[in-house]
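Enquirer: Residues per chain are reported as follows:
There are 2 protein chains.
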Amino acid sequence: MNDPQVDPHTVASNYLAVWNDPDQSSRLATLERQWASRVSYTDPLMSGETPSGVCSMIEAARGQFPGHSFVLRGTPDGHGKMIRFSWNLVSSSGNRVAGGTDVVKVDPDGKLADIVGFLD
Amino acid sequence: MNDPQVDPHTVASNYLAVWNDPDQSSRLATLERQWASRVSYTDPLMSGETPSGVCSMIEAARGQFPGHSFVLRGTPDGHGKMIRFSWNLVSSSGNRVAGGTDVVKVDPDGKLADIVGFLD
Chain A
1 MNDPQVDPHT VASNYLAVWN DPDQSSRLAT LERQWASRVS YTDPLMSGET
51 PSGVCSMIEA ARGQFPGHSF VLRGTPDGHG KMIRFSWNLV SSSGNRVAGG
101 TDVVKVDPDG KLADIVGFLD
Chain B
121 MNDPQVDPHT VASNYLAVWN DPDQSSRLAT LERQWASRVS YTDPLMSGET
171 PSGVCSMIEA ARGQFPGHSF VLRGTPDGHG KMIRFSWNLV SSSGNRVAGG
221 TDVVKVDPDG KLADIVGFLD
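As you go down the protein sequences, you meet chains A and B in turn.
The opening position of the first sequence corresponds to residue 1 in this note's numbering, with each subsequent residue numbered one higher.
The opening position of the second sequence corresponds to residue 121 in this note's numbering, with each subsequent residue numbered one higher.
Note that these hints are calculated values from the structure, not bench results.
Certain hints may be false.
[As the list claims (entries may be wrong)] Chain A stretches covered by chain B per the calculated footprint, using a threshold of three residues with CB under 8 Å from any CB of chain B:
{"no.": "1", "region": "37-44"}
{"no.": "2", "region": "76-84"}
[To be verified] The list that follows gives simulated cross-link-like pairs (lysine-lysine, BS3-like), each with its CA atoms no further than 25 Å apart:
{"no.": "3", "chain 1": "A", "residue 1": "Lys81", "chain 2": "B", "residue 2": "Lys231"}
{"no.": "4", "chain 1": "B", "residue 1": "Lys201", "chain 2": "B", "residue 2": "Lys231"}
{"no.": "5", "chain 1": "A", "residue 1": "Lys111", "chain 2": "B", "residue 2": "Lys201"}
{"no.": "6", "chain 1": "A", "residue 1": "Lys81", "chain 2": "B", "residue 2": "Lys201"}
{"no.": "7", "chain 1": "A", "residue 1": "Lys81", "chain 2": "A", "residue 2": "Lys111"}
Glycine residues also receive a C-beta, built at the ideal position from the N, C-alpha and C atoms.
Go ahead and model the full structure; you've got the sequences and the hints to work with.
Expert: Structure follows, in structure tokens:
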């Protein structure tokens, strides 16, 4: 059972919206509001430890896939402070070019604190 | 890329062997050797914080599925200190009764320190 403060679908949607935000200052503001000040983000290609570090990391990733967006795949689930969801990276014409599954730990303040990503 | 000390297939195989060990004292000895002394294990139904706590937790889970075993599904993957793998719980006649995906963090000594399980 998830903590009542932690809704998997909301966390997943907010998370993907950050990756899809093309504006760095807006993205950073969201990261500073929704993510912990000290975070651990790791996936097979990248890592980040602060909201600003993650913001730059996302900028670099987005730069490799112009016009693409991250789309939720399936139904997010979780328990306690843990949430799992899957996503596709799709081109502007809707072609899937990549996909993955992320596992997120939310801290006691409801902020994203620990994110581990895998490619599917 | 995984840390060279962390082989996803070995970690997954060792992990499932612990769940399949019917002998509590043998299981505890393996847990004390392969898992950290302070662990965090959580899934949607159970949690454990020490090797002996996890040992008892597994005993209770096994008691609900006599004659069943945990079988690796797919290919374990991971990066850095993180490993992901999926499993099926199958009856003695080979029927799948449940399945899940676990994400494991290995500590600097190569011991399992943080395990989050999800049901698929």
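Enquirer: Would you mind confirming whether the straight-line C-alpha gap from A:Lys81 to A:Lys111 stays at or under 25 Å?
Expert: holds, 10 Å
Enquirer: A:Lys81 and B:Lys201 were given as a pair; does the straight-line alpha-carbon distance stay at or below 25 Å?
Expert: Holds. A:Lys81 to B:Lys201 sits at ~21 Å (cutoff 25 Å).
Enquirer: Holds or violated: are the alpha carbons of B:Lys201 and B:Lys231 at most 25 Å from each other?
Expert: The given pair, whose Cα atoms are some 10 Å apart, holds under the 25 Å limit.
Enquirer: Below or equal to 25 Å on CA atoms is what counts here, so check A:Lys111 against B:Lys201.
Expert: holds, 23 Å
Enquirer: Tell me whether the statement that chain B covers the region 37-44 of chain A is true, taking a Cβ distance below 8 Å and needing three residues at minimum.
Expert: Per the Cβ count (3), the hint holds.
Enquirer: Hey, A:Lys81 versus B:Lys231, does the alpha-carbon distance stay inside 25 Å?
Expert: Roughly 23 Å between the alpha carbons, so the hint for A:Lys81 and B:Lys231 holds.
Enquirer: For the region 76-84 of chain A, does the count of residues with a C-beta closer than 8 Å to a C-beta of chain B reach 3?
Expert: Coverage by chain B holds for the region 76-84 of chain A (6 residues, Cβ < 8 Å).
Hint check: no violations occur; every hint is consistent with the structure.
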